[in-house]
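**Student:** Since the structure of chain A is already known, use the hints to place chain B on it.
The residues making up each chain are set out below.
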Amino acid sequence: MSEQKLTGAQIVIKALKDQGVDIIFGYPGGAVLPIYDALFQQNDLKHVLVRHEQAAVHAAEGYARSTGKVGCVLVTSGPGATNAVTGLLDALCDSIPLVCLSGQVPTHLIGNDAFQEADTTGITRPCTKHNYLVKDVDNLARTLHEAFYVARSGRPGPVLVDIPKDVQFADGTYLPPAEVKHKTYRPQVKPEIARIEEAVELIANAKRPVFYTGGGVINAGPFAAKLLTQFVKTTGFPITSTLMGLGAFPASESQWLGMLGMHGTYEANLAMYECDLMINIGARFDDRVTGKLSAFSPGSKKIHVDIDPSSINKNVAVDIPIVGDCGAVLEDMLRIWKARAKSPDKAALKEWWGKIEGWRARNCLNYNRTESVIKPQYALERLREALRGKDHYITTEVGQHQMWAAQFLPFDQPNRWMTSGGLGTMGYGLPAAIGAQLAHPDAIVVDVSGEASFLMNMQEIGTAVQYRAPVKIFILNNQYMGMVRQWQELLHGSRYSQSYSEALPDFVKLAESWGCVGLRATTVAEVDQVIEKMLAVTDRPCIIDIAVDPKENCFPMIPGGKAHNEILFGPDDSPSDATPEDGMVLV
Amino acid sequence: MENVIEKHTIAVLVDNEPGVLARVIGLFSGRGYNIESLTVAEVNNADHLSRITLVTSGTRMIIEQIKAQLSRLVPVHRVHDLTDEGPAVERELALVKVAGTGDKRIEALRLADIFKAKVVDATLTSFVFELTGTTEQVDDFVGLMGQLGLVEASRTGVVAMSKGPAAF
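Residue numbers (our numbering), protein chains in the order written: chain A, 10 to 596; chain B, 755 to 922.
Treat the hints as calculated values from the structure; they're not laboratory data. These numbers were taken from a predicted model, which means no experiment stands behind them. In this text, a Cβ means the ideal position worked out from N, Cα and C, and glycines have one as well.
Estimated spans, in silico, between C-beta atoms of each pair: (1) N214/A to G918/B: 40 to 46 angstroms; (2) L847/B to A123/A: 36 to 42 angstroms; (3) T910/B to N214/A: 50 to 56 angstroms.
One chain only, chain A, in its complex shape:
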């Protein structure tokens, strides 16, 4: 009977179980003690104790991104909630479904500047898809179920539910999920067929088409990725993807051009620049992708598929907007393509591919191979070879290593690549790796890291050790905040203002102090050895310190404010041309 009375804390646990949550990432504190007590008295829901609330959110993101499920977080009031803010915004920017529960001071103290009080719904309003303050225990179950519904529906995102302590203690009525229907929120999932028909006509008549896909395909689920692959193969068109969309189309296929954007491949960016039809599926014309907007793909018709109507015509005006779930849209597109017996313009396509192959031959990811120092690209190439054929997940921190990972590690499946794209949060990778590892205990999970990013959340090694998550922290240690230094070289006369890593710890000893395995490579010959040893460790985390060339920069690069056809290939390209005043002010 749903009339049975439970405490607010018990309602929380029951609602989470009914929503299919199996792991919750959190940190206790005064305002959530009743929920922690209820957690203690059950065994179905596993709680993972992080070392800092920001990491709880990133871990939940890693869990969500690698499983397709809603990640779940529990933090206390005040500092617990404010520490979670970065993670919440990270999840908002990358459309990751999360539910974050925060404790709040008792309702009668709200507004009194009580101990550990914060206006959590006020602070997190612009950092969440939606948030709630529950003041009545009888609204608690409904609110929690709504929170999960909002988090996973439409364009996914983080939802926060703030629960005052007296509400956690109070007795209330539980309502199962089936009895809760949201009053207003009904995102459009099914596309307008007329628009799909127009799109199919354009696709069939395109001479120089390109697919440009993004995180929306990943969010639409593995089925959408499968449909995308099928459609791209059916058409024979080239395909590129954003950072967030990697893995939706297999990187091992010849139609794959690599990632596009600021550090994307030459062939991907030029295909975008010169195409006559751009088919954007689940990407948002982000500034890292478009570069200079006025020179963005000037001669193309543009189809844009997005589940969020506000993404359409936000940065780039498009010819055929299609609002809907990427999976539903691709399903209709394929169906109509087949029903109308469409086929691509083979002759034009052949010519187009000829052009693309010419750009490809430029081999833009090539780097100066040397035996004298470990190039970061080389370390990633060796990692790629070592992981080939093995069940693995990759997370990254933020910076040069992140871009190199995107360039050099191939993804043939969705949900295997977790990175902080929109917000660019250093310190994301380790906790995200822990979340992914706990969701996939038998897989290999590697956090491709830089020494500076790793330091931002390295306390989470403790979490990994405690829960026996054998994550591999693959540090490309160049003793710089490499991307900051790269921009300082490009735009600020190589004045390395605060961008060097001083007073670094001995990462091997650091690992050992936690009972983990620590490995170091300082020569090219040692790279394969440490990777082999790293992969042999399956019962504890492993920190791999790779001393890479401190001066290496990430290329190709389209400097801020430049167009897709203004690419720097390497350190010898003149940076003076690349630094117009208007570009300098961009980030």
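**Tutor:** For chain B alone, kept in the frame of chain A given last:
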């Protein structure tokens, strides 16, 4: 070519719940949109629905973006662009306090009569006028009173409704 700044009156039906106005205002401040006026009050007591009427300006692309952003707020039921959707009536209510004696006081009263403003408070040295009209009428009235002892003005901002039988 599409950079003409347009002024639009937008009506938004929302759940009357805590924080909903903050969401709307935060959207405008966070994304750098203009708000020229904004009014809000509950219009349906049984369903706890409030109607927000806002006047904003921007290029066509920005106006479309504002509507899309408003629509995706979770407690928002409907968004209507009254400027786009055909003829609408727009009204503002103003309370205008004028202080003084002598000729100016008499002139203020005469003008109030011409504008069909009501006197809602009177003392020997002041009036408070209530005026309902379009924004332009209220602007004109307040402008004239400026020369006749205006000491305070309070305006509601625009409320608006489409003409004809169709309902929001």
